[in-house]
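So the chains spell out like this:
There are 2 protein chains.
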Amino acid sequence: MHAIVLNTGTELLLGDVQDAHLAFIARQIFPLGLRIEERRTVSDGVAIRETLAEIFPRAEILFVTGGLGPTTDDITREAAAELLGLKLIRDPEVMSAILERFATRGIQFTARVERQAFVPAGAEVLPNRSGTAPGLYLRANLNPHFRSPHLFLLPGPPRELQPIFERSVMPILHSIVPPSNSLECRIYRITGIGESLVEEAIGERISAISGVELGYCSRPGDVDVRIIGKSNMLEQADKIIRATLGDSIYSMSEATLEEVIVELLTKRRETLSLAESCTGGLLANRITNVPGASRVLLGGYVVYSNQAKMDALDVDLKLIERYGAVSEPVGRALAEGARMRARSTYALSTTGIAGPGGGSSEKPVGTVYVALASPENEIIAKKLFFPSDRETFKELAAQAAFDLLRKKLMSRSSQ
Amino acid sequence: MHAIVLNTGTELLLGDVQDAHLAFIARQIFPLGLRIEERRTVSDGVAIRETLAEIFPRAEILFVTGGLGPTTDDITREAAAELLGLKLIRDPEVMSAILERFATRGIQFTARVERQAFVPAGAEVLPNRSGTAPGLYLRANLNPHFRSPHLFLLPGPPRELQPIFERSVMPILHSIVPPSNSLECRIYRITGIGESLVEEAIGERISAISGVELGYCSRPGDVDVRIIGKSNMLEQADKIIRATLGDSIYSMSEATLEEVIVELLTKRRETLSLAESCTGGLLANRITNVPGASRVLLGGYVVYSNQAKMDALDVDLKLIERYGAVSEPVGRALAEGARMRARSTYALSTTGIAGPGGGSSEKPVGTVYVALASPENEIIAKKLFFPSDRETFKELAAQAAFDLLRKKLMSRSSQ
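Chains as they are written, first to last, in this note's numbering: chain R, -12 to 402; chain G, -12 to 402.
Please keep in mind that the hints were generated in silico from the structure rather than gathered at the bench.
There's no promise every hint is true.
Below, a list of computed lysine-lysine pairs in the DSSO-like style, where the Cα atoms sit at most 30 Å apart [stated by the list, open to error]:
id : chain 1 : residue 1 : chain 2 : residue 2
1  : R       : Lys254    : R       : Lys226
2  : G       : Lys394    : G       : Lys370
3  : G       : Lys350    : G       : Lys226
4  : G       : Lys254    : R       : Lys350
5  : G       : Lys350    : R       : Lys254
6  : R       : Lys369    : R       : Lys394
Listed next, the stretches of chain R that the computed footprint assigns to chain G, with coverage defined by at least 3 CB atoms under 8 Å from CB atoms of chain G [unchecked claim]:
id : stretch
7  : 2 to 15
8  : 22 to 34
9  : 110 to 117
10 : 154 to 162
11 : 285 to 298
12 : 375 to 385
Far from chain G, some chain R residues (derived; all Cβ distances over 12 Å) [stated by the list, open to error]:
id : residue
13 : Phe43
14 : Ala84
15 : Leu201
16 : Asp211
17 : Ser260
18 : Asn276
19 : Ile307
20 : Gly311
21 : Arg328
22 : Asn364
23 : Ile367
24 : Ala368
25 : Leu371
26 : Arg399
Ideal Cβ positions, reconstructed from N, Cα and C, are used throughout, including at glycine.
Model the full assembly from the supplied sequences, consistent with the hints where possible.
Structure (structure tokens):
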């Protein structure tokens, strides 16, 4: 079924507010086999009417967000009723719910507010427990003389829309959508390989399987491979993806790399410390975004200056003088210093040149060493090159460092 | 002029990724008097072609994001060329830029990548220094037999689109858009006051000035006040905003709080160190996102465990036992410990309960102490309460800590 989302709101088009509805609705309806085919965003006022008229003939399900409030540019309810030739009728139940809400909060009732109690004839009210304006459901072709989609009018604030969607819209959708439609979506998160190499490795073979839709999405240091189809059709694709990409796949549950690491360390009752030069606290920040990180992260050291490297992590000055602060020996010494100081099972270190300044012909901006210190005094170091803007460089270096640890933990787990 | 944004990307409609382009573009073009009238989002593949055909007749300026990459579902370039009846020509300059990019990074060149070097005849290439696919500009009615808008095809990743937009798209827009349209937009960045209090303080008085449009945008710990109008009309509003909000305004140039701090410290040739418990590296990460941070940040300590607080920063165990790790005395000791260890002019510390676990009735989730150690052994500490999800809590605590330092630096500067 052809489903469309229409977001109304001038603030969205001015860039003051980010829309959160599309992502929420898409994820809610996916298990029904429904996908949003198109999303439109228009400003408040007359544009709403024009756009509804344009979309009606081609949508089967239409979700409209916003424009149900008390102010003069909130015209979604009126525009829909007018287009469909339906009268607006004052609904006494909605009215008393609004009055009660105002009384409880001691807010003054104004005449404008009353508009929100009007309901197009034949529409179903979707109660709003978190705000004033209720949602409305107008079934397809409610006025038999006019072709129209299943129409859901929903209030703009996410904390109002979301409970209405879960409580009232989903049951209606279940009754509308034929069950045979339902599809499965699997996402494989991959790091250490670029998007074009991922496609080269699996693209043709997956695309050749009929009934499987393949997609990619990349972020710095990360590629998501997404397959959609009937469960039985996905099995074949799944086998190819796993066999080809192997341990470059770090998650099949949309977990982040830091979540995977915290989970692995927690299971193994092992601990981590961090010695960050060029990533400047990004590793620590990402790890501590994960609930329960305090069980695994013993300490983090942001050692930008040479003095800090020596004072906090016992890096030998001679090493810095001989090889430079951005070098494999210093990277190794940082990891080992952190592991010793924090008395952790593992320690990760980063040292590199984030730029824009500080590069040389021998060590250009983008050069980075990541190192991992493990038990038995074993240290692995890796040289990488990520010439990018400063924040992307930090992201790529962090991703490479985390992946060094993840692979180590995976290899130990499988022993 | 009627400007439209078309976002392409199946991942957007599946809810996997949030679009950041609309807000960015809207803010960029605003000073030209241009507003986005409509935004569409469609999936990769054939929908792009259909939507372009539908939008062409009614747009005067059209920004298309995404679909320029190497994979088979990236068809924006081909769809636009086909619709306009333009040949795609392999551009040797683009090709050599791509080859150079791959060589520098030691990435394997694949045949698919070459597609990105094809340019519709007559289009202007907008170089991409942060990625492979360049942007493209096709002027209005480039094929005189076919009505078409000024068409900008831009790569999907924000870190590629944004520099191209600033460097190449804006100059072209300046030459297209009649200057009489132009309005001024001023943004005041405010921290330490909530959005509704900001509105209560200035809302009515600013709205009463004719010709000035007022807007707000809030992020965790931050409110932007935006006024739009002719320059002379803005002066009056500007006076009211500054007089009312005073030193809560930390930037009028959209600088971040960490940028303001790095600039103030650099000017004063002073230095900073950080002792982070509950913010877990976020302060360090934000400071080191600012180019030149290495001149001011001497060291950062992420001290989640009590042991790390004692080992790395000499916090007295008795203090922790008597008051708890989340307490004002420990917050002060952390700041002082970092300042002594790193030998910096200032040190900031944070200690609190980010949640979801770890709260108690006396110290519920959301409790946080921020402290600032300054020369002359002066330490300022502040207790705050931010009951939120983990990441928002960290953002709010970081913002409060930075603002403590900013206000200190401002008061010293004005002495």
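Against the structure, the hints:
1. Lys254/R with Lys226/R: 27 Å, holds
2. Lys394/G with Lys370/G: 16 Å, holds
3. Lys350/G with Lys226/G: 42 Å, violated
4. Lys254/G with Lys350/R: 29 Å, holds
5. Lys350/G with Lys254/R: 29 Å, holds
6. Lys369/R with Lys394/R: 13 Å, holds
7. 2 to 15: holds (count 12)
8. 22 to 34: holds (count 10)
9. 110 to 117: violated (count 0)
10. 154 to 162: With 0 residues closer than 8 Å to chain G, the stretch 154 to 162 of chain R misses the three-residue bar; violated.
11. 285 to 298: holds (count 11)
12. 375 to 385: holds (count 6)
13. Phe43: The assertion about Phe43/R holds, with a minimum of 15 Å to chain G.
14. Ala84: Fine: 24 Å to the nearest Cβ keeps Ala84/R off the interface.
15. Leu201: At about 8 Å from chain G, Leu201/R fails to clear the 12 Å cut-off, so the statement is violated.
16. Asp211: 7 Å, violated
17. Ser260: 8 Å, violated
18. Asn276: Answer for Asn276/R: violated, closest chain G Cβ roughly 6 Å.
19. Ile307: Answer for Ile307/R: holds, closest chain G Cβ roughly 15 Å.
20. Gly311: 15 Å, holds
21. Arg328: Arg328/R not clear of chain G: closest Cβ-Cβ about 7 Å, inside 12 Å.
22. Asn364: 21 Å, holds
23. Ile367: The assertion about Ile367/R holds, with a minimum of 20 Å to chain G.
24. Ala368: Given that every Cβ of chain G is farther than 12 Å from that of Ala368/R, nearest at about 18 Å, it holds.
25. Leu371: 10 Å, violated
26. Arg399: 23 Å, holds
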